[in-house]
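S.K.: Chains as they are written, first to last, in numbering that gives the first Met the number 0: chain A, 0 to 291; chain B, 0 to 416.
Treat the hints loosely; a few may be bogus.
[Unchecked claim] In silico DSSO-like pairs for lysine-lysine, Cα to Cα no more than 27 Å straight-line: (1) K240(B) / K128(A); (2) K128(A) / K393(B); (3) K153(B) / K136(B); (4) K128(A) / K391(B).
[Stated by the list, open to error] With the C-beta cut set under 10 Å, the calculated list includes, among others, these residues of chain A facing chain B: (5) L9; (6) K128; (7) S138.
[As the list claims (entries may be wrong)] Here chain B is said to cover these stretches of chain A; the calculated rule only asks that three of the stretch's residues, wherever they fall, bring their Cβ under 8 Å from a Cβ of chain B: (8) 0-8; (9) 114-122; (10) 201-214; (11) 261-270.
Don't read these hints as lab results, they were simulated from the structure. Glycine is no exception: its CB is placed at the ideal position from the N, C-alpha and C atoms.
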Amino acid sequence: MHTLIQGVILGVLTGGVYALMASGQTLIFGVMKVVNLAQGAFVIASAYLAFTLFTQFGIDPLVAVLITTPLMFGIGVVGHWLFLRPLRREDATELSILITFALALLVEGILSITYHTTYRSINTSYANKAFDIGGFSVSAVRLYGFIVSCALLVLLYVILQKTRFGRAIRATVQNPQSATLLGVDSNRVKAYGFGLGIATAAASGSIYGLLFPFNSGSHYDLISRLLSVVVLGGLGSIGGAVLAGVIIGVVSSVAAVTWSPTWSEMTFFVVLLLVLLIRPQGMFGRVERGAL
Amino acid sequence: MNNNRLSKRWFKRAPLVAVVGAALVVLSACSASTPKATPTASTKALVIGISLSLTGDFADPGTAVKKGYELWADTVNAKGGVLGRQVVLKIVDDLSSPTQVVTNYQNLITRDKVDLVFGPFSSLLTVPASQVADRYKYAFIESAGGGPKVFAQKLGNLFFIQPGPIVKQGDVFADYILALPAAQRPKTAAYPSLDDPFAQPIAANIQARFEAAGIKTVYSGTYPAETPDLTPIMTKAIASKPDVIVSGTQSLDAYQQVKALIQLHYNPKWLYMSNGANSPVEFPSKVGAANTEGVFSSGDWFPSSTATGSADFIKAYIAKYGGDATGIDNSSVEAYAAGQVLELVAAKTGKVDNATIISTLHSGTWATLLGNLSWDAIGEPQGSYLLVQWQKGKLVPVYPAAIAQSAPEAPKPNWAG
Numbered sequence: 000m001h002t003l004i005q006g007v008i009l010g011v012l013t014g015g016v017y018a019l020m021a022s023g024q025t026l027i028f029g030v031m032k033v034v035n036l037a038q039g040a041f042v043i044a045s046a047y048l049a050f051t052l053f054t055q056f057g058i059d060p061l062v063a064v065l066i067t068t069p070l071m072f073g074i075g076v077v078g079h080w081l082f083l084r085p086l087r088r089e090d091a092t093e094l095s096i097l098i099t100f101a102l103a104l105l106v107e108g109i110l111s112i113t114y115h116t117t118y119r120s121i122n123t124s125y126a127n128k129a130f131d132i133g134g135f136s137v138s139a140v141r142l143y144g145f146i147v148s149c150a151l152l153v154l155l156y157v158i159l160q161k162t163r164f165g166r167a168i169r170a171t172v173q174n175p176q177s178a179t180l181l182g183v184d185s186n187r188v189k190a191y192g193f194g195l196g197i198a199t200a201a202a203s204g205s206i207y208g209l210l211f212p213f214n215s216g217s218h219y220d221l222i223s224r225l226l227s228v229v230v231l232g233g234l235g236s237i238g239g240a241v242l243a244g245v246i247i248g249v250v251s252s253v254a255a256v257t258w259s260p261t262w263s264e265m266t267f268f269v270v271l272l273l274v275l276l277i278r279p280q281g282m283f284g285r286v287e288r289g290a291l
Numbered sequence: 000m001n002n003n004r005l006s007k008r009w010f011k012r013a014p015l016v017a018v019v020g021a022a023l024v025v026l027s028a029c030s031a032s033t034p035k036a037t038p039t040a041s042t043k044a045l046v047i048g049i050s051l052s053l054t055g056d057f058a059d060p061g062t063a064v065k066k067g068y069e070l071w072a073d074t075v076n077a078k079g080g081v082l083g084r085q086v087v088l089k090i091v092d093d094l095s096s097p098t099q100v101v102t103n104y105q106n107l108i109t110r111d112k113v114d115l116v117f118g119p120f121s122s123l124l125t126v127p128a129s130q131v132a133d134r135y136k137y138a139f140i141e142s143a144g145g146g147p148k149v150f151a152q153k154l155g156n157l158f159f160i161q162p163g164p165i166v167k168q169g170d171v172f173a174d175y176i177l178a179l180p181a182a183q184r185p186k187t188a189a190y191p192s193l194d195d196p197f198a199q200p201i202a203a204n205i206q207a208r209f210e211a212a213g214i215k216t217v218y219s220g221t222y223p224a225e226t227p228d229l230t231p232i233m234t235k236a237i238a239s240k241p242d243v244i245v246s247g248t249q250s251l252d253a254y255q256q257v258k259a260l261i262q263l264h265y266n267p268k269w270l271y272m273s274n275g276a277n278s279p280v281e282f283p284s285k286v287g288a289a290n291t292e293g294v295f296s297s298g299d300w301f302p303s304s305t306a307t308g309s310a311d312f313i314k315a316y317i318a319k320y321g322g323d324a325t326g327i328d329n330s331s332v333e334a335y336a337a338g339q340v341l342e343l344v345a346a347k348t349g350k351v352d353n354a355t356i357i358s359t360l361h362s363g364t365w366a367t368l369l370g371n372l373s374w375d376a377i378g379e380p381q382g383s384y385l386l387v388q389w390q391k392g393k394l395v396p397v398y399p400a401a402i403a404q405s406a407p408e409a410p411k412p413n414w415a416g
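Excised from the complex, chain A in its bound form (with noise of 0.2 Å):
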């Protein structure tokens, strides 16, 4: 039973973090209706700059959110000028595929030349700290990367409810012809909101190179947990894929704790292809229409 809870715990922390990632992964989608492959690149890219700072001028990597997290914005913001404004409405769901596909292999292309293929990873002076609560161990940096994902949670979820950019981002993915009849620059909104997508990828790079070792091609596994993430909470739904972060996480611990590493892995798939079968829309997912 103690290795259950402890399991537990581990789930609902690690999951907090995919929640986080999994968020812009899903607010892309309801925006531009793009399938944002390079998400986990972009998570990569973001754990290397948090490396780079961290080794090259000791800014904490949780510190060094404030520094990225614009960056990343601006580079979301740029990356949709220069590859996804191009594209015809008509057809851009499909080809966004292609294209970010190829924007996440482009950018681990720059990675792999800037720092080679070696693992890197971020050992700060908590790295292997634990608290002791209640017998459980619970990790310095796990808990602090969940505070910093809640945190960052709550912050996006105040910006798409209580502004202005929030509501006509709201606005254009319920209905983007009726935004635009109301005055709404659905081209600034939909780079603003690719950028906001891509700068949620800032903060949980910083977290993920907390947690795991990583290195150029890491974004292959952590895309593929994403759009599992994505789909099970339903494409385009926030609140879906905080919830679903939080499931997967959980149930891929516990099925390592109680059963098999190997069965562990699987259960991010087993999970997406249930979805696919029972309910394509995901848990929060509608149809038609987008449910910010």
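Given the structure of chain A, go ahead and fit chain B onto it with the hints provided.
M.R.: Same frame as chain A, but now just chain B:
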């Protein structure tokens, strides 16, 4: 009269004769020196063809192997070469591809007609490459392909330049534990291993010997290479509080296992990790130097080694590549030892042809940087690895006793955190 005429004519022509004669003398002098400049069997360069992974997945270790081969060539050439022949390495890139490596050795042997070949990096590439060499009756001295599939080919031309097959790397830890008095031995063991042909079988070999000796297995499991998070797995592995943890690891997963154990506040009495923990630089940098104390691993060479030529090797390595001894990759050492073996054959037989190398290396022991090496009929090394332990921030050989520089430290001190 005639004589006079002749003599007059002779004297008239004397300058011409003198010039021709002088020219002849010069020519003869030149022709006398010509044989020295003509390549002969003893002065012709000894060309060794090698395919290495300089790009692709194995680029980093492939480059380390290249450093070792090149350092050996420089060293032996400075001493006058092998049997008076300067060594020339013809190194080509195989892109870490098992297909390209075949093309490369085919070209090296048939088109470039190299005298000898050395092996590539990894068992994956050694298997097809060694078949090409075998087809052309070339000796295949290789330092980086020691997996079971390499020896399953049962080739007579192959010699793996390490103390033993990779899967037996951990047997020395079992030797040490089972040599302890029964009361001091561990009672329970956990075996968390990476699903990898160079990791899991090492732990499985130890597990079989421990179980035969009555040490109870409380956990045995493998995890896939792409598992980013080992904390849940280690949570399960330590659930029954094993005395000893034997981890079949590579590198990343070893660091992740240690981190998980620290965070889960579990300190086994013995911790053996097949790889990762034997890296003098990476391991302390990844897990924190203070957390290395007491961790066991095994390997074939360490900077503190007293094996033949080790000190000279370190000196030459630092002079050529800079850095310090702890930064030397074992792949470089093993490649250098491959060259040493060739030198030893030449010194013993006075020849460096492929047939001589193949027939000579199947018997006797050969003193190299990696200790005394010997091979059976299929090129499987017959020696044992060294058991090392982190003691006061350094990797120290602790078993077998003949090479131990310190006594093994057990139980393992607690994590520094």
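S.K.: Evaluate each hint against the coordinates.
M.R.: Status of each hint after checking the structure:
1. At roughly 21 Å between alpha-carbon atoms, K240(B) and K128(A) fall within 27 Å of each other, so this suggested pair holds.
2. A C-alpha spacing of about 24 Å is found between K128(A) and K393(B), which places the hinted pair at or below 27 Å, so the restraint holds.
3. For a cut-off of 27 Å, the pair hint linking K153(B) to K136(B) stands: about 14 Å separates their Cα positions.
4. With a C-alpha separation of about 22 Å, the suggested pairing of K128(A) with K391(B) holds against the 27 Å cut-off.
5. The beta carbon of L9(A) is positioned within 10 Å of a beta carbon in chain B (closest approach about 6 Å), and the interface hint is therefore held.
6. Proximity of K128(A) to chain B holds as hinted, the smallest CB-CB distance being about 7 Å (cut-off 10 Å).
7. At about 4 Å, the closest approach between the beta carbon of S138(A) and any beta carbon in chain B falls short of 10 Å, and the interface hint on this residue holds.
8. Chain B is given as covering the segment 0-8 of chain A, and this holds because 4 residues of the stretch bring a CB closer than 8 Å to a CB of that chain, at least three being needed.
9. Residues of the segment 114-122 of chain A with a Cβ under 8 Å from some Cβ of chain B number 6, which satisfies the need for three, so the listed coverage holds.
10. Counting residues of the segment 201-214 of chain A whose C-beta sits closer than 8 Å to any C-beta of chain B gives 3, which meets the bar of three, so the coverage hint holds.
11. Given as covered by chain B, the segment 261-270 of chain A passes the check, having 3 residues with a CB less than 8 Å from a CB of that chain where 3 are the minimum.
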